[in-house]
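If you want the building blocks of each chain, they are given just below.
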Amino acid sequence: MQIAHIKQEINITDALMARINELLSHYPADKKKSALLPVLHEVQDAHDNWLSIELQDKVAEILEIKPVEVYEVVTFYTMFNQKPIGKYMFEFCRTSCCAIRGAEDLMDYTCQKLGIKEGETTPDGMFTVVGVECLGACGYAPMLQIGDYYKEHLTKEKMDALIEECKAGKIDLHKQDHYTE
Amino acid sequence: MKVTIDGQSIEVEPGTTILQAARMIGGESVPPAMCYYSKLKGSGGKCRCCLVEVSKGSEADPRPMPKLMASCVTGVMDGMEVNSISSQRVLDARKSVTEFLLINHPLDCPVCDQAGECDLQNLSFKHGTGKTRFIEEKRTFEPENIGDKIQLHMNRCILCYRCVMVADQLTDNRVHGVMNRGDHSQISTCISKAIDNEFSGNMIDVCPVGALTDKTFRFKQRVWFNKPFNAHRDCDKCCGKTTLWMFGDEIQRVTARKDEYHEVEDFICNECRFEHKNPADWVIEGPRKFEKDSVINQNNYTRKLEKVTIKTEKNILLGRDQDRNKISMPDVPLTEQGKKKLKEGNV
Amino acid sequence: MGRKILLEHANVPGIKTYEVYRKMGGYTSVEKAIKSMTPDEVVEEVKTSGLRGRGGAGFPTGLKWSFIDKKSGNPRHLVCNADESEPGTFKDRYLMEYIPHLLIEGMITSSYALGANLSYIYIRGEYMWVYRILENAIKEAYAAGWLGKNILGSGFDLDLYVHCGAGAYICGEETALIESLEGKRGNPRIKPPFPAVKGLWQEPTVVNNVESIAAVPWIVNNSGEEYAKIGVGRSTGTKLISASGHIKNPGVYEIDLGLSVDEFMNSDEYLGGMMDDRPLKALVPGGSSVPILPAHLIYKNAEGGDRLMTYESLSEGGFATGSMLGSGGFIVYNDTACIVRNTWNFSRFYHHESCGQCSPCREGTGWLEGVLHRIETGHGREEDIDLLWDIQSKIEGNTICPLGDAAAWPVAAAIRHFRDEFEYHIRFPERIKNRDHFVAEPFEKVKHLVAKQEI
Numbered sequence: 006m007q008i009a010h011i012k013q014e015i016n017i018t019d020a021l022m023a024r025i026n027e028l029l030s031h032y033p034a035d036k037k038k039s040a041l042l043p044v045l046h047e048v049q050d051a052h053d054n055w056l057s058i059e060l061q062d063k064v065a066e067i068l069e070i071k072p073v074e075v076y077e078v079v080t081f082y083t084m085f086n087q088k089p090i091g092k093y094m095f096e097f098c099r100t101s102c103c104a105i106r107g108a109e110d111l112m113d114y115t116c117q118k119l120g121i122k123e124g125e126t127t128p129d130g131m132f133t134v135v136g137v138e139c140l141g142a143c144g145y146a147p148m149l150q151i152g153d154y155y156k157e158h159l160t161k162e163k164m165d166a167l168i169e170e171c172k173a174g175k176i177d178l179h180k181q182d183h184y185t186e
Numbered sequence: 111m112k113v114t115i116d117g118q119s120i121e122v123e124p125g126t127t128i129l130q131a132a133r134m135i136g137g138e139s140v141p142p143a144m145c146y147y148s149k150l151k152g153s154g155g156k157c158r159c160c161l162v163e164v165s166k167g168s169e170a171d172p173r174p175m176p177k178l179m180a181s182c183v184t185g186v187m188d189g190m191e192v193n194s195i196s197s198q199r200v201l202d203a204r205k206s207v208t209e210f211l212l213i214n215h216p217l218d219c220p221v222c223d224q225a226g227e228c229d230l231q232n233l234s235f236k237h238g239t240g241k242t243r244f245i246e247e248k249r250t251f252e253p254e255n256i257g258d259k260i261q262l263h264m265n266r267c268i269l270c271y272r273c274v275m276v277a278d279q280l281t282d283n284r285v286h287g288v289m290n291r292g293d294h295s296q297i298s299t300c301i302s303k304a305i306d307n308e309f310s311g312n313m314i315d316v317c318p319v320g321a322l323t324d325k326t327f328r329f330k331q332r333v334w335f336n337k338p339f340n341a342h343r344d345c346d347k348c349c350g351k352t353t354l355w356m357f358g359d360e361i362q363r364v365t366a367r368k369d370e371y372h373e374v375e376d377f378i379c380n381e382c383r384f385e386h387k388n389p390a391d392w393v394i395e396g397p398r399k400f401e402k403d404s405v406i407n408q409n410n411y412t413r414k415l416e417k418v419t420i421k422t423e424k425n426i427l428l429g430r431d432q433d434r435n436k437i438s439m440p441d442v443p444l445t446e447q448g449k450k451k452l453k454e455g456n457v
Numbered sequence: 005m006g007r008k009i010l011l012e013h014a015n016v017p018g019i020k021t022y023e024v025y026r027k028m029g030g031y032t033s034v035e036k037a038i039k040s041m042t043p044d045e046v047v048e049e050v051k052t053s054g055l056r057g058r059g060g061a062g063f064p065t066g067l068k069w070s071f072i073d074k075k076s077g078n079p080r081h082l083v084c085n086a087d088e089s090e091p092g093t094f095k096d097r098y099l100m101e102y103i104p105h106l107l108i109e110g111m112i113t114s115s116y117a118l119g120a121n122l123s124y125i126y127i128r129g130e131y132m133w134v135y136r137i138l139e140n141a142i143k144e145a146y147a148a149g150w151l152g153k154n155i156l157g158s159g160f161d162l163d164l165y166v167h168c169g170a171g172a173y174i175c176g177e178e179t180a181l182i183e184s185l186e187g188k189r190g191n192p193r194i195k196p197p198f199p200a201v202k203g204l205w206q207e208p209t210v211v212n213n214v215e216s217i218a219a220v221p222w223i224v225n226n227s228g229e230e231y232a233k234i235g236v237g238r239s240t241g242t243k244l245i246s247a248s249g250h251i252k253n254p255g256v257y258e259i260d261l262g263l264s265v266d267e268f269m270n271s272d273e274y275l276g277g278m279m280d281d282r283p284l285k286a287l288v289p290g291g292s293s294v295p296i297l298p299a300h301l302i303y304k305n306a307e308g309g310d311r312l313m314t315y316e317s318l319s320e321g322g323f324a325t326g327s328m329l330g331s332g333g334f335i336v337y338n339d340t341a342c343i344v345r346n347t348w349n350f351s352r353f354y355h356h357e358s359c360g361q362c363s364p365c366r367e368g369t370g371w372l373e374g375v376l377h378r379i380e381t382g383h384g385r386e387e388d389i390d391l392l393w394d395i396q397s398k399i400e401g402n403t404i405c406p407l408g409d410a411a412a413w414p415v416a417a418a419i420r421h422f423r424d425e426f427e428y429h430i431r432f433p434e435r436i437k438n439r440d441h442f443v444a445e446p447f448e449k450v451k452h453l454v455a456k457q458e459i
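Protein chains in written order, with the working numbering: chain F, 6 to 186; chain L, 111 to 457; chain U, 5 to 459.
Hints are not guaranteed to be accurate.
Unchecked claim - In silico BS3-like links for lysine-lysine, alpha-carbon gap of 27 Å or less:
(1) 38(F) x 143(U)
(2) 71(F) x 166(L)
(3) 71(F) x 202(U)
(4) 38(F) x 153(U)
(5) 12(F) x 303(L)
(6) 166(L) x 20(U)
(7) 156(F) x 20(U)
Since the hints were made in silico from the structure, they are not lab data.
Required output: the full structure, derived from the provided sequences and hints.
Written out as structure tokens, the structure is:
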């Protein structure tokens, strides 16, 4: 397996380190590895939503585990990105319940509008469109995930509006209030 | 504890697995094992080749177990009755597991160094069919270089996890593991790092297929043309007990000594494996014997070899006069003109 | 009108906050359990209630609790399985999003029953905003003294944290979940040993679904006997059903077990019937893993008896004519849905979500998807239907964890009940070119093309 080598600026800020330490405190002192998934989420969020090998090595160092233990985990779980992605990643659920309520058509529409294929990123690095498996919003289909949030009951019009909002910089991917829209 | 497998009973210690009990009994009842490795802690349960039917749970709870059980990770209970080769259900399951393992396997045995000592070959010989029902495109992986000692052929891998356990249990710094998931799971270092530590070579020995082979032996010889000898040397890192794979006076390969289940008797260090290819470095004990159905016995020098005659050979050679010019066949003398032509080349 | 146990206060403004939740009677089960009951008495109440695991398997919760190894003296853990990922299921999310404190309260009472002092809620990573809601609720509970050292002066200590996954359906399997909680790949463990003996960090652990744990406070407050009065037979209590598909009112509903499928589907209190005038074609009653039912087996079982929303009634007739209640993911299809495409869709899901550890699942799920995709795109062969049947039957029961069964069952049921649709796809590839081919021309209209010729 070859990972394309793309340089990533690593910046473990004090705030991030404080959050990592908070997460570590949730597990017994000799079970630091248990914090791996939550820590990777935090680190990824703070680094343009992707994890380079160097960044994964850094996480291994913080948790005092072998780098390969981090690689194994990062490649297993779909939410960790191993290469840079668009600033706004539209993750369309396309499993049965969403598919029968028009998710595939909506994804095609979005791809066409952005001029990309599923899995691709626009040349300006703004948007990525991917089809993912069940996100647990079956009754509110079609829907997509963007950052930490779900956008549900979508239509073409709502999709157009969402794209405009993204372009205008009005979408906060990880805002810290507690409720979805 | 008493356990009965295919009608044969044996007394075993508590904690023994069905597979271990079957191995104590021996013979045809021993389930095949592609991932279990008695010397590696936590191995087994994954390949599902060793499924058996438990027709009686125990003396205390005689109910049969509804599902087939992986014999390598199922402990025996007193009074347990197990059907291995005597159950059609078990044979069917083994057949389907074999099929599952083969659908994405490249079937490149003719160019695979493992051929002749491959557990998957043995398994498919016993439980496979000659035909495939799989017409989809086979899964393939990008090649990855993991150093100058070990050749990784991920397409052949059956994900037994043995090599990962070797790295975990024999060395203190594992640099490879299983990446990705599902049918794209793969053995990798993720960063094409050389796997290099004193015991990394054991990954080759534990690999049941040709996914990890000895790079220094690559394409050198079909294993059945080698003569295996038990040998030893004083080694400060390992037991120093090995099998030397000779061709004439040349040591072409060094491996650990493997038992009838193809498990090593003792792990050996990389120095013994890779750095002592001079026969003078070794005390040769004698020929290494293999189970009677092993293809390695093709070159068995411990008994007199009969000359093989191919009945149709004569017919094959008929009408191939012109081929004799091109192909070296010492038994078929060339004409004078032919010799001349051959010297000139460009035939 | 069904009674509400879990969602009683779901619509109270501000119920997400500790103050309002407490005002509505929240945390009384913790008080009652800790002050007036022994842990074993709580376990007994839950046993009496007949509460069955709401994650899908339906194993009695009280019984599961009683298996936890208390003798060894090793630290014990309760882990809440909030890795809700079964297609069609979104009830746990609803519960956690709207009444987070109910889960926290359930976790405290249940941890007390099990003697667990360090417990976790494992939530799927995609529910990141719910993760934050829970983190916040836990903070509030600590501040109010319901968590931490010496709760209510009883000497009982409990630390509770949320742990997030990162996108892996398999982590809903309890041993894979434990592996993931340990910071590893979500590979299910070989059992035995069971988590009740060796679970999280090799210590005794119980893993329970969100909905199961959320039912505990009511049981402790009102007694297991009262809970057992709701429902029918061994299906006691209320159940959250996540409804989706071609129905008028998709969403999460709390029903008394024993409600008829007909009433649930068609009354305005629940799903309100189909979304438009296209007729009902099929139903997946318990999440993608359970067998699909054709229209004639939905309201009535094969014997003509009413089909009820219970574990037993939905599985009447076995796999030949029945299905399962599973996790309560109720997916309704009208005649625009293509069963072949839908089966391929499910297979793609399981192929994508297989952990890759054991051979039948790793290789078989991909094979199933490949063959189904060929049929769906018009490249099927007659022998492919039998091939699919054979592959699924060889995966089922031969894998380490239930994902293999879950991948096999939908394929088996689709072939069992809708074989002619597969034949239609194979014999008339030009008619199924568009993925919405049944919108203009439902299968009922073309069925005669594949009908067996009587000579």
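A quick look at each hint next to the structure:
Of the pairs offered as hints, the one joining residue 38(F) and residue 143(U) holds, with about 23 Å between alpha carbons and a cut-off of 27 Å not exceeded. Between residue 71(F) and residue 166(L) the CA atoms are separated by roughly 45 Å; this puts the pair beyond 27 Å, and the hint is violated. Our distance criterion of 27 Å between C-alpha atoms is met by residue 71(F) and residue 202(U), whose separation comes to about 25 Å. Taking the CA atoms of residue 38(F) and residue 153(U), the gap is about 25 Å. The hint holds against a cut of 27 Å.
With a CA separation close to 18 Å, the supplied pair residue 12(F) and residue 303(L) stays within the 27 Å bound. For the proposed pair residue 166(L) and residue 20(U), the alpha carbon gap of about 53 Å is over 27 Å, so the pair is violated. The straight-line distance between the Cα atoms of residue 156(F) and residue 20(U) is roughly 21 Å, inside the 27 Å bound, and the hint therefore holds.
Checked against the numbered hints listed earlier, the structure breaks hints 2, 6; every other hint is satisfied.
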